[in-house]
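Chains as they are written, first to last, in our numbering: chain A, 188 to 583; chain B, 20 to 109.
The hints are simulated quantities; they were obtained by calculation from the structure and are not laboratory data. Please note that a few of the clues may not be correct.
Residues on chain A that point at chain B, a partial pick, calculated with CB under 10 Å [stated by the list, open to error]:
{"hint": "1", "residue": "M337"}
{"hint": "2", "residue": "F357"}
{"hint": "3", "residue": "E418"}
From chain B, some residues computed to sit far from chain A (all C-beta separations above 10 Å) [to be verified]:
{"hint": "4", "residue": "T24"}
{"hint": "5", "residue": "E36"}
{"hint": "6", "residue": "V83"}
We treat Cβ as the ideally placed atom computed from N, Cα and C, and that holds for glycine.
Letter by letter, the chains look like this.
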Amino acid sequence: MTNTADVIVIGGGVIGSAITYYLSQEGAKVSLVERGDVSSGTSSACDGNILVIDKMPGYDTQLALKSQRLLAKLVENLDYDLEYAQRGSVLVVEDEKQAKVARDWFVRQKESGLPMHYLEGRDVFEDEPLLAHDVVGLVECASDSSLNPMAFVYALIAGARHAGAMIHPFTEVTGIRRDSAGAVCGVETTRATMSADRVVLAAGVWTPALAANLGVDVPIKPRKGHILVAERSPRPARRKVQEFGYLLTKFGDTEGRSVEPDMDSYGVAMVFEPTEHGNFLIGSSREFVGFDRRCNHHVLELMARRALRFFPTIRDIHVIRTYAGLRPYTPDHLPIVSSVPTVPGLYIAAGHEGDGIGLAPITGRLIAQMIVGEPTAISTEPLQIDRFTKHEQKEE
Amino acid sequence: MDDDTIVCRCEEVTVGEIKQAIRDGAVDVTGVKRRTRSGMGLCQGRTCEKIVMRILAQELGKPVSEFIPATVRPPVQPVTFGLLAEGSDD
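Looking at chain B on its own, in the form it has when it is part of the complex (with noise of 0.2 Å):
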């Protein structure tokens, strides 16, 4: 993958910033989102997380299955504030 490649689109960030993140301390995905904001976008990582996860293996010389991915955090799907100020019960 090229430098320029765009990894995560909804916050259009590069495999270059990924690498640049990791070279400045980020050792797994939770990391690199703070970093870069790869994954904090309207999918909240769901496209971008498994590539992050082999960029970070790649840069750091361990197997993917080292990764988890970044801490799960509600809601499971964008909801809207109208929805969720009506509440729910599940």
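So that you can see chain A by itself, here it is in the shape it has in the complex (with noise of 0.2 Å):
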């Protein structure tokens, strides 16, 4: 069996999903090739955030930006319950060596345009009044939402599906093909050859396999992260928490919080998200384990531990499910959405780490801009693969 399409994407999370959704609105005959189901991956086994207020002031921030307001069209035009919320989200500072810092966070986000608030004395207890009594400071981002990641992606593929997009799972790429003059023209799988001039790949922390094939270096690495998921029960706070902390050991600063060494060993930051089942979430950790997807229970229990620092109130309340999921991390914090100079007509939408859920939307949009040669919604220069080996050459 053969067939041909524009447009292979090879990966069916959240990335490939969006991919195939934005290019089969603009016209384009996609097939989507997945080895196992749909949302089977790193996509099952994240939380749902659609963040601003995680990002660093500049790009990151426009980014992330942008595809919020994707999503806010997404959510009217796809016909399914993402369960989406937006409560806006608040990150939470601990005493006053942070406050400085994250004094100078908001007020340059706030001056970039996002709708931020800071909050603190008595105010933080008015407004989340289950925190812990200690803490000094609130930053509010009201923009930010958060929604049921699985059925995030069962909607943009239905949505792709609705609008003439094959969808193949249980389906493995076996090899990608090239013409004569080295150009991507295919790809063989377990099930058939299928032919496109173009291929994605958007296999998250599976990317850099598939493109070593080609001879193409993609420097993304798999971070595992836990989950706690709480039973339904009276919520601690009403929206997104995050320890001000996150930030920090999300870009690798250990200086900013007094914990004990396990925590930072394992990037241990509060991170709560209520759903809208009335179960929550609690996160996170960080750590690089190869591709082990198995729940450690000495991270659980510090997570559970970090959480009571922030959340006393919650003691009796039942965790009744843990899982970890593998975050495509990049060494610059930002995804690679790219096409690859070397190879002509593939294309690499990976290494979103913990912002895949939120950056979808824009990831499915600009790399359907690049294929159908229009003029993109952001610039795609820090995006680009090369970055990585430019970046080399200038140290050398």
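If you follow the hints, you should be able to join the two separate chains into one complex; please do so.
Shown next as structure tokens:
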């Protein structure tokens, strides 16, 4: 069996699904290939945040903001219950030392046009009464939202199918085909040979292995993150809450908070997310342990302890499930959304670490624009694959 | 079983919703779970999992023995944040 499309997208997680959706909206004939069920890798083992509050001021923030706006349109256009809620989110500031950094952060982000607020003193507890009473401040971003990530993938898939895309789950790519000039011309899979002049690698942490066969080095590493799921219970906060120290650990600063050493070595930082079903999720951890997705009990303990530090009232609430996912880490914390100069017709959209759900709309839009040949919604220069090799050359 | 019969009592998922998930592409217990929430509640599928397996077998025309339970994830039974935070040596 041979089948022909304009574009083949490899990967049925949130990134591949969003690309397939946006491309098929542009009228392109798209085939999505996924080796398992759709939404069965990292997109099924994460939380559902659409955040700008945790982005670096500048490009990172503008990218996230554009994605938030696209998501608002998707919520209207996709005929699916995404469990979407725009409640805003807050960062909790623990002490005066953090407050100095947090106020600077807040001022820079407010100046860049974000709907940010800073609360301190009694205002903190009027806003979130169940927070530990020794915290000193809250930074709020009102535009932040959340949804059910798996529902989001199913919705994008259904929307893409409706626009004519072909979805091939349980179909593993065994090789990427190139013509005599070296350009991609399709893929070999466990089910069929498929032809297309454009191939998009959107396989998250599994992208480097696919690209290596084409001689392309993709510097993505799996970074494991755990999540605890709490039973349905009264909410200890009305919206997304993260410790300000989360930002510090995200960007590798371990000086900004005083915690037991293991909290830092496992990158444990409190992240709280209420869900539409009345449960709540507690994160987070960050560790490089290859492709091992098993939960580490010690890390779960540390996360529970960290959650209690900020929400002492959850002591008697039950944890009913835990899971770990492999976030696709890149050295500079920005995803790769790029064509590949050495292989005509090849595109890479991967490396979103913990931002895949939030950045899926803009990623899908950008790849669709690149392929269709429209101007992109934002400059893609900071997202190009060759930034890593250019950087190395500079250091030499 | 009637389509309105509730299979997952924790999350109130019906036979009809499970059949719809299978039509949408679910081929195993985990696929049904991700699409419907059946098995995501307090009992973590202990009550409904066997029934979900039977519906899968029936809808996909395969023997029940071909289906395996969803991935077991810790904790084995619900544990409070307080107890988890204290740690254990097991």
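Should the hint that F357/A touches chain B count as held when the rule is a Cβ pair under 10 Å? With Cβ-Cβ at 8 Å, under 10 Å, it holds.
Regarding the assertion that E36/B does not contact chain A, is the least Cβ-Cβ distance greater than 10 Å? 12 Å, holds
Can you verify the interface hint for E418/A: is its Cβ closer than 10 Å to any Cβ in chain B? Holds: closest Cβ of chain B sits about 6 Å from E418/A, inside 10 Å.
Should the label of T24/B as a non-interface residue stand, given a Cβ cut-off of 10 Å to chain A? Holds: least Cβ distance 21 Å, greater than 10 Å.
Would you settle whether the hint for M337/A is holds or violated, based on the nearest Cβ-Cβ distance to chain B being less than 10 Å? 5 Å, holds
Non-interface claim for V83/B, where every Cβ of chain A lies beyond 10 Å: 20 Å, holds
The structure shown violates none of the earlier numbered hints.
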